[in-house]
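Since the structure of chain A is already known, use the hints to place chain B on it.
Heads up: the protein sequence lines correspond to chains A and B, in order.
Sequential numbering of the first sequence, starting at 1, is according to this note's numbering.
Sequential numbering of the second sequence, starting at 1, is according to this note's numbering.
Hints are computed from structural coordinates only; laboratory data are not their basis.
Cβ atoms here follow ideal geometry from the backbone N, Cα and C, with glycine treated the same way.
Fair warning: there could be bad hints in the mix.
Derived pair list, reagent style DSS-like, types lysine-lysine, alpha-carbon separation capped at 27 Å [to be verified]:
{"hint": "1", "chain 1": "B", "residue 1": "48", "chain 2": "A", "residue 2": "38"}
{"hint": "2", "chain 1": "A", "residue 1": "38", "chain 2": "B", "residue 2": "132"}
{"hint": "3", "chain 1": "B", "residue 1": "120", "chain 2": "B", "residue 2": "103"}
{"hint": "4", "chain 1": "B", "residue 1": "48", "chain 2": "B", "residue 2": "6"}
{"hint": "5", "chain 1": "B", "residue 1": "157", "chain 2": "B", "residue 2": "58"}
{"hint": "6", "chain 1": "B", "residue 1": "6", "chain 2": "B", "residue 2": "115"}
{"hint": "7", "chain 1": "B", "residue 1": "174", "chain 2": "B", "residue 2": "157"}
{"hint": "8", "chain 1": "B", "residue 1": "103", "chain 2": "A", "residue 2": "38"}
{"hint": "9", "chain 1": "B", "residue 1": "132", "chain 2": "B", "residue 2": "120"}
{"hint": "10", "chain 1": "B", "residue 1": "181", "chain 2": "B", "residue 2": "6"}
{"hint": "11", "chain 1": "A", "residue 1": "38", "chain 2": "B", "residue 2": "115"}
{"hint": "12", "chain 1": "A", "residue 1": "271", "chain 2": "B", "residue 2": "132"}
{"hint": "13", "chain 1": "B", "residue 1": "66", "chain 2": "B", "residue 2": "18"}
{"hint": "14", "chain 1": "B", "residue 1": "115", "chain 2": "B", "residue 2": "132"}
{"hint": "15", "chain 1": "B", "residue 1": "73", "chain 2": "B", "residue 2": "48"}
{"hint": "16", "chain 1": "B", "residue 1": "48", "chain 2": "B", "residue 2": "58"}
{"hint": "17", "chain 1": "A", "residue 1": "38", "chain 2": "B", "residue 2": "73"}
{"hint": "18", "chain 1": "B", "residue 1": "103", "chain 2": "B", "residue 2": "6"}
Covered stretches of chain B, as calculated for chain A (at least 3 residues, CB under 8 Å) [said to hold, decoys possible]:
{"hint": "19", "region": "69–76"}
{"hint": "20", "region": "170–183"}
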Amino acid sequence: MSSFFDAVSSQAFMQNAIVGGILASVACGVVGSYVVVKRIGYLAGGIAHSVLGGMGIAYYLGRPPIEGALVAALVFAVILGWVSLRLQQQEDTVIGALWAGGMAIGILFISKSPGYNIDLMSFLFGNILMISSDDLFWIAGLDVLILLIVFLFYKQFLAVSFDEEFARLRGIPVERFYLLFLALVALTVVILIQIVGLILVIALLTLPAAVSGLYVRSLNLMMLLATLLGVVFTTGGLAISYQPDLPPGPTIILVAGAFYLLSLVITRFWKKA
Amino acid sequence: MDSIIKIKDLHFSYDGPKILENIQIDIQRNEFIGMVGPNGSGKTTLLKIIMGVLTPDKGTIEVLGKPPFQSVKEIGYMPQLTPFSRDFPISVEEVVLMGRLGKTSSIGFFNKDDKRAAEKSMDDVEILELRKRAIGSLSGGQLQRVLIARALTCEPKIMILDEPTANVDMKIEKDIFDLLKQLNESVTIIVVTHDIGFISQYIDRVACINRTLICHPTSELTGETIENMYGTHMHMVHHHHEDEKKLS
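Next comes chain A alone, as it looks inside the complex (with noise of 0.2 Å):
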């Protein structure tokens, strides 16, 4: 453990992934809570696998990949959310193709990309200690930006994500602050790209929330509680993977998985006793 905080002190690339840690804490607190509490934790993930369209495509056009991803997200949400309100019938097939399908999109472009092939293992599970200063500057932006939508209209995603109908009844455009609400939830799925890449994405986006929402009982409380949450399994994961050299991302996730069991254990034996 003490060679990890050396490590941290002395290394650049340690501090980086520390800061992008706790950066993609704040988006992933705040709209996670929502994604956890409106459960629509499938559509999130439709959301984040089919971003890999939008990276191969950047990928095969010399791009950087986060330009790409950024466009393929809110392409999606937009998408996933007209799909989920206008075919309630059939919302967990159509999501399920796109899913696949924005995958497949990236995985054909990545293999047409000339020259060197890329390591498409770090699209699919991120690397974390290759996290830039410019990746950080993106994450605070979009961290900036989604905390001040969440706060312009906090009392609209409240109301839509507790009861809609009544939402509806009050005047609320419901289906534009769902729409809106996807948004946000792109642009923290590429956010969390660069810490766990996009296939453990989802963990990330809805266990701190989970954990959160076993212990307290009002969204706010929810939110700040996931956001520190994920400050500790993104350093944690760090840490422990740092000595015996494993990769951090499915590192943050165990963490992650291993927190939630245990409240889900502990909250249990609470309630009983």
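For chain B alone, coordinates are given in the frame of chain A:
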């Protein structure tokens, strides 16, 4: 007396058989209307038309002298079933504050006026001491009161309640209707119910819906009228709870 809801020759269908046919009703300020009818008779559809969620195929409807979509913010609505999850992390006060949407500023948090209005309506329905409680920890009767308070927080001119006492026992049902009667001094109330025998002492008129609508003054209610509107044989069971009648 002035008319609050005016419906004339209204027809409605969802791409199929008529759900509502030739509906006429004129509801006056501070009336207390009981709406009854079998399941699938079009009660909820009519409420949705009054709140501007659905548009009639034919006929006219005016609510507070305006088309329904313009006046819906003046209506306090309490749904039949709670469409939200009981484990949503939200307090009583936050739920009640949602009634302020559409009245308060569209950006930022709820302000002092909103908090005051929420406090007043929680006080009116006697749940002020529950304000910090999570909704998941409430009893059925307490939750019904929270939903009434939410409907009240927009300072409505009309309240529409869809089976407000569906899941509570007789004692709470009576408490809730006593409360509504009190509110009725300043608010026009429409309440959907199956329990017409019980509420006849509270309401002014009964609107019987079964595709068409027939209104009866409460004094005309007999076993026969109720039988006609449900279209099947019913028993009036008389038993005494401080002179109430209950239909079972």
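Cross-check of the supplied hints:
1. B:48 with A:38: Measuring from Cα to Cα gives roughly 24 Å; hence the hint holds.
2. A:38 with B:132: With a Cα-Cα distance of about 22 Å, the restraint between residue 38 of chain A and residue 132 of chain B holds, given a limit of 27 Å.
3. B:120 with B:103: holds (16 Å)
4. B:48 with B:6: holds (15 Å)
5. B:157 with B:58: With a Cα-Cα distance of about 26 Å, the restraint between residue 157 of chain B and residue 58 of chain B holds, given a limit of 27 Å.
6. B:6 with B:115: violated (33 Å)
7. B:174 with B:157: At roughly 23 Å apart (the allowed maximum being 27 Å), residue 157 of chain B and residue 174 of chain B satisfy the hint.
8. B:103 with A:38: holds (25 Å)
9. B:132 with B:120: holds (15 Å)
10. B:181 with B:6: Holds. Residue 181 of chain B to residue 6 of chain B sits at ~22 Å (cutoff 27 Å).
11. A:38 with B:115: Given that 27 Å is the threshold and the Cα spacing comes to 25 Å, the pair holds.
12. A:271 with B:132: holds (20 Å)
13. B:66 with B:18: Within the cut-off at roughly 25 Å; holds.
14. B:115 with B:132: This hinted pair holds, its Cα atoms lying about 13 Å apart.
15. B:73 with B:48: This hinted pair holds, its Cα atoms lying about 13 Å apart.
16. B:48 with B:58: Holds - the C-alpha atoms of residue 58 of chain B and residue 48 of chain B are around 15 Å apart, at most 27 Å.
17. A:38 with B:73: holds (25 Å)
18. B:103 with B:6: Between residue 103 of chain B and residue 6 of chain B the Cα gap is close to 24 Å, so the pair holds against 27 Å.
19. 69–76: Check passed, 3 qualifying residues.
20. 170–183: As far as the region 170–183 of chain B goes, the hint is violated, because 0 residues have Cβ atoms under 8 Å from chain A.
Hints 6, 20, counting from the list given before, are not met by this structure.
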